[in-house]
Structure formats: C-alpha cells, structure tokens
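Build the complex: two chains, separate frames, hints provided.
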Amino acid sequence: MARLEELKLTHRLFMKAYRYRSVAWSPGARLSKPLRECKLALITTAGLHLSSQPPFDASIRGGDFTFREIPGDISVRKLKISHRSTAFEHTGARQDRNLVFPLDRCRELVERGELGALNRRHFSFMGSISAPGRLIAKTAPQVAQKLRDDGVDAVFLVPV
Amino acid sequence: MGLIASVIEKTGIPTVCLSLLREAAVKVKPPRCLFVPFSHGYPLGKPNQPELQHRVLAAALDLLKAQGSEPILQEFNPH
Chain W
67 MARLEELKLT HRLFMKAYRY RSVAWSPGAR LSKPLRECKL ALITTAGLHL SSQPPFDASI
127 RGGDFTFREI PGDISVRKLK ISHRSTAFEH TGARQDRNLV FPLDRCRELV ERGELGALNR
187 RHFSFMGSIS APGRLIAKTA PQVAQKLRDD GVDAVFLVPV
Chain F
67 MGLIASVIEK TGIPTVCLSL LREAAVKVKP PRCLFVPFSH GYPLGKPNQP ELQHRVLAAA
127 LDLLKAQGSE PILQEFNPH
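In order, the protein sequences belong to chains W and F. Take the first sequence: its letters are residues 67 to 226, numbered as in our numbering. Take the second sequence: its letters are residues 67 to 145, numbered as in our numbering.
Just chain F, with the same shape it has in the complex (with noise of 0.2 Å):
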C-alpha cells in the first residue's frame, strides 16, 4: 500500500493512505499517512457505519493539504 502510494505520488499525484499497522507504516514511509485504532481488515471503522466512516475519511483527505519532504504520520483520533 505504501509503496503504491509513494510510485504514485513520485509521478505528481498527491496521496494518502491509512494504516492499520505502525511497524509496516514507519518502515515504508510513504508521504501521507493516517494511522487507525481497528483491526486488520477494518480500516474505515466499522461496517455500516456511514458516520465513523466519514470521520475516517475525512481526517484522511485534509492530510492531503500538507507538503513537505517527509513523511506525514498522523494518528486518527475516533472520539
């Protein structure tokens, strides 16, 4: 996923990923980054959950407003 993301974005597209785990993320260092407190295989929350989903989502999206050389980690604050 981040090596994905960091192709991409060496092309000139901005990008954002989430991430379930800090080990991977940490090592990959890909440009912008949202860490969440879910488990494997439920990054935006919790099914059927429009509203989390949406906070997830955008707490994502305003990273993309950032720029710099390094990597942007930020963790998703659910509450």
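Chain W with its partners taken away, still in its complex shape (with noise of 0.2 Å):
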C-alpha cells in the first residue's frame, strides 16, 4: 500500500487538505452476464497517448480534465506517458506500460476465455486533478456515454 508520509512534503500537505468530492453512485450497476461472456474497455490516469494526439497539459489550472481515446489494437510500447506529476515514479511505467495500462495482461484473458472481449477502444486521463467539476460535469460523462455507445459491459480504471 503506497502510504501518504511516502509523498513528497507539498503532496502531502495538498492532499492532506484536498476536500475529495464524491459522486452519488448506488444502487451500483450489475454485471448481466459472466465474465468469460463481456466486453471489457480499461481507463487509465496516467497521462497515456498516442504520439498523434496532444500530451496532457499539466498547466491547466485545476487539471487537465480532457481525455484521450486509445485504440484497441494499440501496441502498448507506442503509448506515450505525459503525466507530469512528480508524485509518483515513472521508471516502471516506461518499461513496460501495462503497470499502468494492462492492456497486454486483458489480452491475454480473452485468448484464454477467461474474459469475452475487450472494447474497441479505451481511454486515458491525467491524474492529479485538483479541481475536478469539469471533470464530473463534462468529460467523464462523455466517456460514460462512449462506452455505452459501445455496449461495453464492464470497466476497469486504474490509477498511478
């Protein structure tokens, strides 16, 4: 468990004053059907792109609130890390994207039936949102509705 004394000392004193807002959620979704049946799209908060899309803008005040949509049959080792963050170590992530996007390891899944499909498409923002209305009012709900749009059955984020 990464712990918040491990933070450097601005990190700490930001998030130990950060007012986390959540989002009203329940009753929670139900997946319809078995695991080894669904499609499955990954989001990631690690700042990836494409080296044709814009990397992420670490000086928007607030955050960069935007997304980036990343192709399913991406090869994992183009992926860009824009994430400017010094909270957290990029080392591992540079050598191998799937500590952050475990693209390959789904992959993997679906070829041994463990998991029906993966989403033809996945999505990508930068972590290390401090002012996240834009976020909750407008992009993440477009995503929401991407992956309805694609009768995706189940999400898995992952943070950095």
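What the hints contain is simulated information worked out from the structure, not anything from laboratory work. Quick reminder that beta carbons are idealized off the backbone N, C-alpha and C, glycines included. One thing to keep in mind: the hints can contain errors.
[As the list claims (entries may be wrong)] Distance ranges between label pairs, derived from CB positions:
| # | chain 1 | residue 1 | chain 2 | residue 2 | range |
| --- | --- | --- | --- | --- | --- |
| 1 | W | D215 | F | I138 | 23 to 33 Å |
| 2 | F | Q133 | W | A203 | 41 to 51 Å |
| 3 | F | E136 | W | P121 | 34 to 44 Å |
| 4 | F | Q115 | W | R85 | 14 to 24 Å |
| 5 | F | A132 | W | Q211 | 33 to 43 Å |
| 6 | F | A132 | W | S117 | 31 to 41 Å |
| 7 | F | H145 | W | E180 | 20 to 30 Å |
| 8 | F | K93 | W | D139 | 36 to 46 Å |
| 9 | F | I138 | W | R214 | 21 to 31 Å |
| 10 | F | H145 | W | R186 | 28 to 38 Å |
| 11 | W | P137 | F | T77 | 35 to 45 Å |
[What the hints assert, rightly or not] In silico SDA-like cross-links for lysine to any residue, where the CA-CA straight-line distance does not exceed 20 Å:
| # | chain 1 | residue 1 | chain 2 | residue 2 |
| --- | --- | --- | --- | --- |
| 12 | F | K112 | F | E141 |
| 13 | F | K131 | W | S92 |
| 14 | F | K76 | W | D216 |
| 15 | W | K99 | W | G179 |
| 16 | F | K131 | W | L184 |
| 17 | W | K144 | F | N114 |
| 18 | W | K212 | F | T77 |
| 19 | F | K95 | W | P198 |
| 20 | W | K212 | W | R186 |
| 21 | W | K99 | F | E141 |
| 22 | F | K131 | W | A183 |
| 23 | F | K76 | F | K131 |
| 24 | W | K146 | F | N114 |
| 25 | F | K112 | F | A124 |
| 26 | W | K105 | W | L175 |
| 27 | F | K131 | F | I79 |
| 28 | F | K95 | W | A203 |
| 29 | W | K144 | F | P116 |
[As the list claims (entries may be wrong)] Sample of chain W residues lacking proximity to chain F, with all beta carbon distances greater than 12 Å (derived):
| # | residue |
| --- | --- |
| 30 | L75 |
| 31 | R96 |
| 32 | S117 |
| 33 | S118 |
| 34 | P120 |
| 35 | P121 |
| 36 | D123 |
| 37 | I126 |
| 38 | R127 |
| 39 | E135 |
| 40 | P137 |
Written as structure tokens, this is what we have:
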C-alpha cells in the first residue's frame, strides 16, 4: 500500500488539505453475464496518449480534465506518457506500460477464454486533477456515453 | 479515478478500480475498489512481471461480480 507519508511534503500537504468529492452512484450497476462473455474497457489516469495526439497539459489550472481515446489494437509500447506529476515514479511504466495500462494482460485473458472481449477503444486521463468539477460534469460523462454506445459490459480503472 | 468510476457506474456499467491510497478511496467511495500494496506509479505491481499483474487483474475483476448499494473496498493479498 502506498502511504501518504511516502509522498513529497508538498504533495502531502496538498492531499491533507484536499477536499475529496464523491459522486452518488448507488444502487450500483449489475454485471449482466459471466466475465467470459463480457466486453471490457480500460481507463488509466497515467496520462497515456498516442504520439499523434496532443499531450496532456499540466499548466491547466485545476488539472487537465480532457481524455484521449486509445485504440484497442494499439501496441502499448507505442504509448507516450505525459503525466507530469512528481507524486509518482515513472520508471516502471516506461519499462512496461502494462504496469499502468494492462492491455496485454487483458488480451491474454481473452485468449484464455476468461474474458469475452476487449472494447474497440479505451480511455486515458491524466490524474492529479485538483478541481474535478469539469471532469465530473463534462468529460467523465462523455466517456461514459461512449462506453454505453460501444455496448461495454464492465470497466477496469487504473490509477497511478 | 474513483470519480470517473462513479460517473460511469451511475450510467449503468459496472466498474472496478485499483487504489494505491486508502485515504483517497475511503473518501471518494467508488463502487468497487481493490487496494494494492504497491507504490505510486506501480498499480499492477511490478514491470515485466505478467504473473503478478495477472493476479492483481484477476482479483480486481472478481470484484465485478459483487453488486450492492455500499462501496466494496477490498485489500489485495500479494501472497
């Protein structure tokens, strides 16, 4: 488990003072069929993007609330990392993108028949959003709608 | 992360998140959350260790089978 005490003083002070928000979701959604029949989509907040897409912008006040679509057939090694936060260590993800975006592992589950399918696209955000109003009101609902349009059955979200 | 999960769950698609920081997850209260005992930047454990990454993935996806009105917060046991 990562501990608050492991973070740099500036990050610790920020997170101690940060007023976490929550979004009412209850009652929760139900998985309608076994995983071996489900279509899964991934979401990472590691700030991954294609080289053809603009990098995330750490200069946006309150955090960059935009997202990037990651095609399902991408080679994960080709993904760029533009997360600029110093609150986490980037070395591992540079060595192996599956550490923060386990697309190859999910492909293996599909090959084994343990997971039905992967969606044709996945989504990437950049974490460290200190003012999440626009994320909650705008971009997260946009992604949710795209997932519904795609007929996704379940979503796996990975922070950094 | 937890906020995005909550927004998606609200539209009817079940979600599961990993969490590296208990303090954040207990406040944001996403629907299903697997706490992992790893450092920031290492949510699936270690780079180039598919077996460990698969164990984390399987434990997380297993939480999707649960449904209820209360958040599910479970700890990953790496052993």
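So, going through the hints one by one against the coordinates:
1. D215(W) / I138(F): 23 to 33 Å: 27 Å, holds
2. Q133(F) / A203(W): 41 to 51 Å: 26 Å, violated
3. E136(F) / P121(W): 34 to 44 Å: Holds: the Cβ-Cβ distance is about 38 Å, inside 34 to 44 Å.
4. Q115(F) / R85(W): 14 to 24 Å: Check failed, 37 Å falls outside 14 to 24 Å.
5. A132(F) / Q211(W): 33 to 43 Å: At roughly 25 Å between Cβ atoms, Q211(W) and A132(F) fall outside 33 to 43 Å, so the hint is violated.
6. A132(F) / S117(W): 31 to 41 Å: Given a distance of about 39 Å, which is inside 31 to 41 Å, the answer is holds.
7. H145(F) / E180(W): 20 to 30 Å: 22 Å, holds
8. K93(F) / D139(W): 36 to 46 Å: With a Cβ separation near 37 Å, K93(F) and D139(W) satisfy 36 to 46 Å, so the hint holds.
9. I138(F) / R214(W): 21 to 31 Å: 22 Å, holds
10. H145(F) / R186(W): 28 to 38 Å: 37 Å, holds
11. P137(W) / T77(F): 35 to 45 Å: Given about 22 Å between the Cβ atoms, the range is violated.
12. K112(F) / E141(F): Holds, because 17 Å separates the two Cα atoms, which is no more than 20 Å.
13. K131(F) / S92(W): Holds - the C-alpha atoms of S92(W) and K131(F) are around 16 Å apart, at most 20 Å.
14. K76(F) / D216(W): 17 Å, holds
15. K99(W) / G179(W): 14 Å, holds
16. K131(F) / L184(W): Between K131(F) and L184(W) the Cα gap is close to 18 Å, so the pair holds against 20 Å.
17. K144(W) / N114(F): Holds, because 16 Å separates the two Cα atoms, which is no more than 20 Å.
18. K212(W) / T77(F): Within the cut-off at roughly 11 Å; holds.
19. K95(F) / P198(W): Holds, because 15 Å separates the two Cα atoms, which is no more than 20 Å.
20. K212(W) / R186(W): The given pair, whose Cα atoms are some 11 Å apart, holds under the 20 Å limit.
21. K99(W) / E141(F): 25 Å, violated
22. K131(F) / A183(W): 17 Å, holds
23. K76(F) / K131(F): 17 Å, holds
24. K146(W) / N114(F): It holds: about 18 Å lies between the C-alpha atoms, which stays within 20 Å.
25. K112(F) / A124(F): Holds - the C-alpha atoms of A124(F) and K112(F) are around 15 Å apart, at most 20 Å.
26. K105(W) / L175(W): Measuring from Cα to Cα gives roughly 12 Å; hence the hint holds.
27. K131(F) / I79(F): Holds - the C-alpha atoms of I79(F) and K131(F) are around 12 Å apart, at most 20 Å.
28. K95(F) / A203(W): Given pair K95(F), A203(W) holds - Cα atoms ~18 Å apart, limit 20 Å.
29. K144(W) / P116(F): Holds: K144(W) and P116(F) sit about 19 Å apart, inside 20 Å.
30. L75: 15 Å, holds
31. R96: For R96(W), whose nearest Cβ neighbour in chain F is about 4 Å away, the distance does not exceed 12 Å, so it is violated.
32. S117: S117(W) is indeed farther than 12 Å from all Cβ atoms of chain F, at 21 Å.
33. S118: The claim holds: S118(W) sits with its nearest Cβ about 24 Å from chain F, beyond 12 Å.
34. P120: With a cut-off of 12 Å, P120(W) remains clear of chain F, as the shortest Cβ separation is near 20 Å.
35. P121: 18 Å, holds
36. D123: 18 Å, holds
37. I126: 17 Å, holds
38. R127: 18 Å, holds
39. E135: Consistent with the label, E135(W) stays out of reach of chain F, its closest Cβ about 14 Å off (over 12 Å).
40. P137: The claim stands: P137(W) keeps its Cβ more than 12 Å from every Cβ of chain F (closest is about 20 Å).
This entry does not satisfy hints 2, 4, 5, 11, 21, 31, going by the numbered hints stated previously.
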